[in-house]
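K.L.:
Here are the chains, one letter per residue:
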Amino acid sequence: MFLPTWATDRLRRAEPTLPPDTPLALVGREGRRRVVLAADRAAQGSGIRVGMAAAQAQALVAGLEIRDADPAGDRAALERLAVWALRFSPVVAADPPDGLVIDTTGADHLFGGEAPMLESIAHRIAAAGYGVRAALAGTWGAAHGLARHGGQPLAVVPGAATARAAASLPLAALRLPTATVAALKVLGFRSAGELAAQPRAPLVRRFGPELALRLDQAFGRVEEPIVPVRDPDRATARRAFAEPIAAPETIGKYVGKLAAELCARLEARGLGARRVEMRIDRVDRSAQTERVGMAVPMRDAARLARLLGEAIPRLDPGFGIETLTLAATETGPLAARQTVSSLGAPPQPDVSGLIDTLLNRAEVRGVHRVAPVQSDVPERSVRRIDALAPATGDTWPQSWPRPARLLARPESIEAMALLPDHPPVAFTWRGVRRRVRRGDGPERVFGEWWARDPERVAVRDYFRVEDEGGERFWIFRAGDGEDAATGSHRWFLHGIFG
Amino acid sequence: MRSRSAIDSLRAEIGRIESVRRRSAAVLPFGIALLDAHLPGGGLAQAALHEVGGTGNAAVDGAAAALFAAGIAARTGGPVLWCHARADLFAPALAQAGLAPDRVIHVEAGDEAGVLACLEEGLRHGGLGAAVGELARLPMVASRRLQLAAEASGTLGLVVRRWRRPGDAALFAQPTAAATRWRIAPLPSTPLPVPGVGRPRWRVELVRCRGGEGAAFEVEACDEQGRLGVFADLGDGSAAARGTHAAA
Numbered sequence: 020m021f022l023p024t025w026a027t028d029r030l031r032r033a034e035p036t037l038p039p040d041t042p043l044a045l046v047g048r049e050g051r052r053r054v055v056l057a058a059d060r061a062a063q064g065s066g067i068r069v070g071m072a073a074a075q076a077q078a079l080v081a082g083l084e085i086r087d088a089d090p091a092g093d094r095a096a097l098e099r100l101a102v103w104a105l106r107f108s109p110v111v112a113a114d115p116p117d118g119l120v121i122d123t124t125g126a127d128h129l130f131g132g133e134a135p136m137l138e139s140i141a142h143r144i145a146a147a148g149y150g151v152r153a154a155l156a157g158t159w160g161a162a163h164g165l166a167r168h169g170g171q172p173l174a175v176v177p178g179a180a181t182a183r184a185a186a187s188l189p190l191a192a193l194r195l196p197t198a199t200v201a202a203l204k205v206l207g208f209r210s211a212g213e214l215a216a217q218p219r220a221p222l223v224r225r226f227g228p229e230l231a232l233r234l235d236q237a238f239g240r241v242e243e244p245i246v247p248v249r250d251p252d253r254a255t256a257r258r259a260f261a262e263p264i265a266a267p268e269t270i271g272k273y274v275g276k277l278a279a280e281l282c283a284r285l286e287a288r289g290l291g292a293r294r295v296e297m298r299i300d301r302v303d304r305s306a307q308t309e310r311v312g313m314a315v316p317m318r319d320a321a322r323l324a325r326l327l328g329e330a331i332p333r334l335d336p337g338f339g340i341e342t343l344t345l346a347a348t349e350t351g352p353l354a355a356r357q358t359v360s361s362l363g364a365p366p367q368p369d370v371s372g373l374i375d376t377l378l379n380r381a382e383v384r385g386v387h388r389v390a391p392v393q394s395d396v397p398e399r400s401v402r403r404i405d406a407l408a409p410a411t412g413d414t415w416p417q418s419w420p421r422p423a424r425l426l427a428r429p430e431s432i433e434a435m436a437l438l439p440d441h442p443p444v445a446f447t448w449r450g451v452r453r454r455v456r457r458g459d460g461p462e463r464v465f466g467e468w469w470a471r472d473p474e475r476v477a478v479r480d481y482f483r484v485e486d487e488g489g490e491r492f493w494i495f496r497a498g499d500g501e502d503a504a505t506g507s508h509r510w511f512l513h514g515i516f517g
Numbered sequence: 501m502r503s504r505s506a507i508d509s510l511r512a513e514i515g516r517i518e519s520v521r522r523r524s525a526a527v528l529p530f531g532i533a534l535l536d537a538h539l540p541g542g543g544l545a546q547a548a549l550h551e552v553g554g555t556g557n558a559a560v561d562g563a564a565a566a567l568f569a570a571g572i573a574a575r576t577g578g579p580v581l582w583c584h585a586r587a588d589l590f591a592p593a594l595a596q597a598g599l600a601p602d603r604v605i606h607v608e609a610g611d612e613a614g615v616l617a618c619l620e621e622g623l624r625h626g627g628l629g630a631a632v633g634e635l636a637r638l639p640m641v642a643s644r645r646l647q648l649a650a651e652a653s654g655t656l657g658l659v660v661r662r663w664r665r666p667g668d669a670a671l672f673a674q675p676t677a678a679a680t681r682w683r684i685a686p687l688p689s690t691p692l693p694v695p696g697v698g699r700p701r702w703r704v705e706l707v708r709c710r711g712g713e714g715a716a717f718e719v720e721a722c723d724e725q726g727r728l729g730v731f732a733d734l735g736d737g738s739a740a741a742r743g744t745h746a747a748a
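Just so you know, the protein sequences line up as chains E and P, in that order. Each number in our numbering comes from the position in the first sequence (counting from 1) with 19 added on. Each number in our numbering comes from the position in the second sequence (counting from 1) with 500 added on.
Chain P with its partners taken away, still in its complex shape:
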């Protein structure tokens, strides 16, 4: 028990050295105990940058990743800046993930460099709930700038990674300064007793987490308030989200 408290105090010490400028340690919990338990502080750090990507086809369209980001942004409760270079985001879907159209400011940033610059402006401003950018490449230096901007203003930064080709998703392994990195893959939807498509499900993988360990979860996709759901899958007898530890 004593060693535990020593480790905690050491962690706090390192935290102080690492982020002197961090204004708050506020977090945004997912509301799912198993998921929040894996995140330091019990939720997504508010004043930090987070990355969301997909695999296979989802790496190209980034649909699930965008909805996951929308769900997080919806729960911050302020205006949201959404910067993109390709205008194929469909706003009604954001509304169905809890992000009302009045809250979202869309920026057509022209190219990747423009997205980076606009995202940084949004993070520096400080009045937004969250700033989201859709990017293929996120170099270390750029991510560091975004992370510092998010720390300084306390705005939640989200980067939806989407690539031109499914193979490019391998670039997701390259390190960035983001606090967490998520990989979202669609799973077959919740079975219904009748023919039809049930509530979508995702495999949510916490690939990297600063100050925490990676893990993978299977959850139900965002509801109209942007909250993820846990399975109540009586079919295989488990009544909680299935969490498996993964090597990070």
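Bound-form chain E, shown alone:
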């Protein structure tokens, strides 16, 4: 991300009364001279350049607005912008004086790809009133150069094409001191590609190792780590180890200590964690993150340590862990609450801890309660609600017996019955023929004609039947036994009573 007019845009936001088409320049001291440190688009159009003396600029453009520059404020604002950009990716850093660097690895798929992500970030920054140019490339160096010196305001360069794109960049894009760039121009170099094609040793002897480093960074031959900004509002606990650790017991011990630290920080803010990230940085500079979620905000260190402890076997320490970080990425307010009272009713047992433990188990697909739905159709009479949702106090009508097991899909059976409203005399289910000794019914269930068109006239007649051995089944006939429009008149078994 390149913000070409960051300082002036910031000033314009602070002073909305300033007319938008007035040229604006920010001046500050450089040694003993007053020079232009930043100029907006209109001022640049009239010929004002950064580094020009303030008096000269004033003479050049009539009606030029001049304000004092605030480099420290700009820098701090850039850091705040970086914290804001944490919503796009966990690794974001300010690239002072006028840029942001965002590591999109593993985050772009959330926005539908690299280009839509870049567009989305750039649009949001532009909507806030800041000029922005953005580029996405395989290396920080190449992206930095493309954003500032590339042709398009939004450029996406796939990883494989990064070297080619970097080669076409002008020398000024290489993040070299101005003096070096000028000297190279004198020697006849124009682009980074030309420079890279030269023998390395003489260049390094002449201009120092920084030149080679910047070239390698742009072409991706040297790793350039991004030191991410930290959200000061986010509670974290971090521990760096002098000796890398790898044993699960050791990791567990430090997770326990960090959990206590994290919970103390949360308590100081009156917060509870809903989601905690455990991040390990390995010796070989790779990282892994495991997350645990909580059903309600929580800051019980022992419980947190236990939840995280179950994620430890999923961590791969590799050659050893250098730093271990716990961060509460999602929090909620959690005030102190009286738990024990000798006056009122006995306290309700708190099962939220149990539910957290169960939900964080890898094999568990869901933890829920079941609540009634006002529907006559049996499979629609239940719905799942959150396990910790407040009690509804509802239940199903008790007048009609319901089977303990409901088949996911009614199974077709062969049945002999007198139409329209007698239970079958006998039926065959899963190859076993059963004679019906007793039967109850029909319980007529109409389709939900108000909600679903195909069920306008559909009918099911349910019977509870008992065979000679005493086993009880719930069977139904599709249709009312008289009108063929109401159903196929075939028989199905839907449930088993105990």
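These aren't lab readings, by the way, just hints derived from the structure by calculation. Check the hints yourself; a few may be wrong.
[Stated by the list, open to error] Sample of chain E residues facing chain P (criterion: CB under 8 Å; computed from the structure):
hint: 1; residue: L373
hint: 2; residue: V383
hint: 3; residue: V386
hint: 4; residue: S400
hint: 5; residue: V401
hint: 6; residue: A406
hint: 7; residue: A423
hint: 8; residue: R424
hint: 9; residue: L426
hint: 10; residue: R456
hint: 11; residue: R483
hint: 12; residue: G514
hint: 13; residue: G517
Since the model is a prediction, treat every value here as computed from it, not as a measurement. Even glycine gets a Cβ: it sits at the ideal position worked out from N, Cα and C.
Keeping the supplied structure of chain E fixed, place chain P upon it in accordance with the hints.
P.N.:
Showing chain P alone in chain E's frame:
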């Protein structure tokens, strides 16, 4: 009489050695004198694991076994954790066995190992009235873990055994660490003077009981408070549940 008291004191002594960690000897009576008389302490031990299974088709669907377990869990009066790998339990039936939907937390545990792990978590927690798990296999070691967890927290543990094939029910004979083992089979329902299905009846067999003897009973299935009923079957002249001793 003297030898009787000696045996009692010996029993108490053995009980102390066997379960030092057992917090309470609280029991949950069925409310049926004949049944409770067969259980040590006069009811189901609260801080213990109990197994419920079926025979024939009922071994596969486990419907009666689930209702029997629901009836017991309903009478504990706390939240109930119900762990299963197959989601075919129909909650309205639990409500009709006395277990209101607000009290039941369902856990879809994925597979058998997941059910075991979740059940153990539930038993260790201590705030639940009962924890129920539906399992086909219950190895000795796993059952021992569950039993210890139940003893430590005082939570009633119930395992509903249900198998893939009716023949697998023979595995029910293998020993586990559960305090009691029940086999529930459906019987023809209470006859009504009119056509229709009356209150369901079960043959409830106490196959194994730690510190007690096995027996079989014929009872009426759980009512809406989770209580079993005794027959008042005037047809064959007996006005009490018919209990027969069985070799355990």
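K.L.:
If a hint holds in the structure, say so; if it doesn't, say that too.
P.N.:
Tested hints:
Proximity of L373/E to chain P holds as hinted, the smallest CB-CB distance being about 4 Å (cut-off 8 Å). Given hint, V383/E at the interface with chain P, holds; its Cβ is 6 Å from that chain's nearest Cβ, closer than 8 Å. Checking V386/E against chain P: minimum C-beta separation of about 5 Å stays under 8 Å; hint holds. Using the Cβ-Cβ criterion of 8 Å, the hint placing S400/E at the interface with chain P is satisfied: the shortest such distance is roughly 7 Å.
Look at V401/E: its Cβ gets to within about 5 Å of chain P, closer than 8 Å, so that hint holds up. At about 5 Å, the closest approach between the beta carbon of A406/E and any beta carbon in chain P falls short of 8 Å, and the interface hint on this residue holds. With its C-beta approaching chain P no nearer than about 4 Å, A423/E sits inside the 8 Å limit, and its interface hint holds. At its closest, the beta carbon of R424/E sits 5 Å from a beta carbon of chain P; the interface hint therefore holds under the 8 Å criterion.
Given the 8 Å rule on beta carbons, the hint for L426/E holds: about 7 Å separates it from the nearest Cβ of chain P. For R456/E, the shortest C-beta to C-beta distance to chain P is roughly 7 Å, which falls under 8 Å, so the interface hint holds. Interface hint at R483/E: satisfied, since its Cβ lies 5 Å from the closest Cβ of chain P, which is below the 8 Å cut-off. Given hint, G514/E at the interface with chain P, holds; its Cβ is 6 Å from that chain's nearest Cβ, closer than 8 Å.
Taking 8 Å as the C-beta contact cut-off toward chain P, the hint placing G517/E at the interface holds, the least distance being around 3 Å.
Figure legend: structure checked against the earlier numbered hints; every hint is met.
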